[in-house]
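Chains as they are written, first to last, in the numbering used here: chain A, 80 to 537; chain B, 80 to 537.
Source of the hints: derived by calculation from the structure; they are not laboratory data.
Any given hint could turn out to be false.
The list cannot tell twin chains apart, which means a pair is met if one copy fits it or any two copies do.
Taking lysine-lysine and the DSS-like style, the derived pairs with C-alpha atoms no more than 25 Å apart in a straight line are [what the hints assert, rightly or not]: (1) Lys-106 to Lys-94; (2) Lys-334 to Lys-425; (3) Lys-106 to Lys-334; (4) Lys-334 to Lys-94; (5) Lys-425 to Lys-94.
Number of protein chains: 2
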Amino acid sequence: MPSQGQALLVESVRKLLRRNAERNLIKILRRAHPADIAAVLRQLEDRDVLRLFQLVPDIEERGEILAEADPGIALSILESLADEDIVEIIEGMNGDDAADILELLPEQRASAIIGALEDEDATYVDTLLGYAPDSAGGIMSPDVFALPRRTTVREAIETLQASHEELEMAFYLYVVNEHGHLVGVCSLRQLVVSAPDATLDEIMETDVTSVTTDTDQEVVAKLVARYNYLAIPVTDDANRLVGIVTVDDVIDVIKEEATEDMLMMAGAGGDIDNAQSAFASARLRMPWLLASFFGGLGSMVIIRVFEATLLQVAALAAFIPITLGMGGNVGTQAATLVTRGIALGKVNTEQFVAVIGREVATGALLGAIYGVVLALVASLVYADAAAVTSWHAWQLAATVSLGVAACMVIAAFVGGAFPLLFERLGIDPAIAAGPFVTTSVDILGITIYFMIGSLLLL
Amino acid sequence: MPSQGQALLVESVRKLLRRNAERNLIKILRRAHPADIAAVLRQLEDRDVLRLFQLVPDIEERGEILAEADPGIALSILESLADEDIVEIIEGMNGDDAADILELLPEQRASAIIGALEDEDATYVDTLLGYAPDSAGGIMSPDVFALPRRTTVREAIETLQASHEELEMAFYLYVVNEHGHLVGVCSLRQLVVSAPDATLDEIMETDVTSVTTDTDQEVVAKLVARYNYLAIPVTDDANRLVGIVTVDDVIDVIKEEATEDMLMMAGAGGDIDNAQSAFASARLRMPWLLASFFGGLGSMVIIRVFEATLLQVAALAAFIPITLGMGGNVGTQAATLVTRGIALGKVNTEQFVAVIGREVATGALLGAIYGVVLALVASLVYADAAAVTSWHAWQLAATVSLGVAACMVIAAFVGGAFPLLFERLGIDPAIAAGPFVTTSVDILGITIYFMIGSLLLL
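With the rest of the complex left out, here is chain A (with noise of 0.2 Å):
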């Protein structure tokens, strides 16, 4: 229900609650999908959003809606209830969210609550919360729909009539042996189709791609992106099944890698969201703000140098922006193609001289063409230059013009190059392609304009 319809739904509950319309609060809850009451919650103010909360008839449906909100706006309701309410909201939850909640807690409270789930329960999450939340194990189901390889098709759809919804997404069997280990998958489909007194052993494929808890998300959603899978099983490491990840749980990680990486190009770090407070933000943003500061200072540092240039040539100060912002500019772009690329698994180290070859020669020739205009333009607006400066008009233009140019060259150069050499070097390339990119180019196209100036000044 994005956009118009999400806005209709926010309105009359912002509506109801001014009018302390419980009833029919009620009924809105029960009707509404629980994503779209988490994310009718992002728009309330913090009272409103416990009382919301408090209405919710379900109890399933509370652990829904607690699964689907952010972090922030899900802590902020579980610091408000009392841990039997979270253990009965617990125990109606599926494993993985389950466990993801718990996350949310501090430490101490959560042992709490883990220890007054029912034992199966609490066995679950305490496996789930073993491990990293990054890899599959972090972010599978443990509730997978497996069977021994010799179940016969009949015998697998009674198992299927018979157990509940639990089954997150069962549209996969999985087939296991004697020891767990997972030895083939058949689709509900195949199942359907097939004769009933087949064995599952029989009509299985055994080639069934899986990973292992450990497996980092990212390779998990990529595998699953590449050949389109709707889930896929993860094993332990004595190679037991021991649960899926579902698409719906791929596409949170493919949003959240991209967010993340974003961020990182923005020179914000990876981990900062909306809903932190200004102090919160500011404390996680201050530390990436570093690379533009020493940065700045090496460009002061240059400046500094030319002091005898622009002192005799005071106009060359009037061109530092432009230099160094169209500079950033293609350095920028130059970055994220490749940053996206090698994410996308477009681009590999192994293509360098290709992809470095390419943007080089782009920028040169983006460099050529603002490089014509803008000694054109400096022509015509320091066409007086010799009133302001000992210059003709001249080599002002040719400074600016050969600074500007040189300057997106080099920029192409060191955006293409930081994403490739970061990522050969194991470090994520997206940390290259923010502020570190646009530092290095200040510093070296202000070296260059500089150079360029003293050279014509001579």
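Starting from the known structure of chain A, arrange chain B on it as the hints suggest.
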């Protein structure tokens, strides 16, 4: 098979191509997944791309490889094939993939090929080509598993058994009335667990979310992601069921939209990719540099206005890069946070005051911290200020620290406000988050910086 496995595959293919070991290559082509072959093509020379493609033994697999390949590579393969070969490949493809392939070709050649297709295929493809590529019609598959409402469960299962593999990812069975209107949906699981004599309208879910052929692909992706659907049905303007968009297509849309946003934010336009020539890339990127160019000219004009100040205190020029660099970084942080928040539905234009308030407060905190540090650095570096300027060191320190802090606050405001304003005006906020922010920050930052300098000069 990301990373390691893929690198091995590329290496083997290259070695075998060098040795002309065709039989071994065919063996590899038979075993490997079309998506992996498509990824291998990316890393081969043009000549080898064609050689390898010609060796693919199975005509259907040729189609799948073309569908998975990057558009540039698919086009170069198509250009080397005769029309008859393309017709044969297309007749073995899914309707939506076939349409995507034909869209790559020049119109005349595409028409010739459609003319040579079997009637049924030609109608399919023709209809699909009529939809905008970024609409639900443009990404849907017309092969949808739909049956009349009076069908029994037994008949439905028999139909499923009789159907070929053609039905792309049939995990939902859609139910239509006598006019072909969508009236309900069953999961395969419901089918399996229901009594054989029940009719579909007894077991179906009637609350079906659907989209129309002209729904924007981004809206489709949001619906599928929000409600964890595996597929969403598409109806035409007469409310007839005409296709489905499956979750694997949605994953492609989500990646595509994220890439487009990143490139927009980098001021590179949304349409470039890593496969274009330097010339094509420069042509596409050139107009996006205009914002930086005119912004840079604006900064030049402003610095010219303050030329008298600059001649008195040449040291002011040395702090231009750090002022604009820090401002640009804070502005990009804010703009990226807000733009991504809008894309993910976490921020909307209603929250203008709250969002801007938080960003400005963050900018002020960061500006205060870095301003103080910069004042200290400037006092140290220019302790002998009197030697190079007519100022005392404290005047310079005060100017640069106030300048950088003011610039960071302005940048936080501009970075937060632009994307929200663009969104309200119906323009993609990612465009605002790019050079428009940094350029505005440059101009406003320069102005306030020199104003502070001039005031302290008096």
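- Message: Tell me the numbers of any earlier hints that the structure contravenes, in ascending order.
- Response: 3 and 4
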